[in-house]
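Participant: One-letter residues, chain by chain:
Protein chains: 2
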Amino acid sequence: MMRKINLEDKFSKVTEYWSPRIIGELNGQYVKLAKLKGEMVWHTHDDEDEFFQVVKGRITIHLSEESVELSEGECFIVPKGTAHMPEASEEAHVMLFEPKKTAHTGTTKSDLTVAIEDQEWI
Amino acid sequence: MMRKINLEDKFSKVTEYWSPRIIGELNGQYVKLAKLKGEMVWHTHDDEDEFFQVVKGRITIHLSEESVELSEGECFIVPKGTAHMPEASEEAHVMLFEPKKTAHTGTTKSDLTVAIEDQEWI
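Sequences listed follow chains W and P, in order. Quick note: the first sequence, position 21, residue 51 per our numbering, numbers continuous. Quick note: the second sequence, position 24, residue 54 per our numbering, numbers continuous.
The reader is advised that the hints may include incorrect statements.
[As the list claims (entries may be wrong)] Label pairs and their in silico Cβ distance ranges: (1) P:93 with W:151: 17 to 25 Å; (2) P:117 with W:76: 38 to 46 Å; (3) W:141 with P:144: 46 to 54 Å; (4) W:68 with P:145: 26 to 34 Å; (5) W:86 with P:121: 22 to 30 Å; (6) P:143 with W:142: 42 to 50 Å; (7) W:145 with P:141: 24 to 32 Å.
Source of the hints: derived by calculation from the structure; they are not laboratory data. These numbers come from a predicted model, not from an experiment. From the three backbone atoms N, C-alpha and C, an ideal C-beta is built for every residue, glycine too.
Next up, chain W with everything else stripped away, as it sits in the complex (with noise of 0.2 Å):
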């Protein structure tokens, strides 16, 4: 796919929160956006390193000693095996950056887990 991805454009395809969609892939690693509003729920990502850049809006990463708030052009890195809690209190846009294989509540299931095989390309 020789295309180009247009953030904008991909971002009015995503209809719901807190279920990123796949945009592009590298290396064994999955690109995403996701729009967030609200609480996500408490999780861990074992074996997994996780990228967040805030594209739009402001998001609260909670940490268990820390909170971390990032505004659009701020990115922060959860290392493996750190749990942390994604918050928005309005709306937001985050691009994010994950191996294939990360599930996107982690080893956490919730109402807001979405299978790995039926995460979606926009």
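Given chain W's structure and the hints, the job is docking chain P onto it.
Facilitator: For chain P alone, coordinates are given in the frame of chain W:
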């Protein structure tokens, strides 16, 4: 490092064109920032896909049979084995994702080549 990464702040520390600086590491991949102006050299990464996100300005990625114009908020993945030559008529800022072992001029050696061990964190 549980520090957030502010892209504007990090870009202010990139003082040379065509000389990517590392801002993060995850799952064997580096996140890098680069300022582009003028033409790079044609090169190919035999084993690594390369992700470009334009954060500021515009770039053109020339491929053998087409050229892809990217503006702020647009991304492109150059698949491994694909000859490409980035160009920016005016200064542009890009974020890159690629495996740690990626040499930025691929298999091409040029005056722009920076040894992998000399790539700097900012």
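Participant: Quick one: which hint numbers does this structure break? Sort them smallest to largest.
Facilitator: 4, 7
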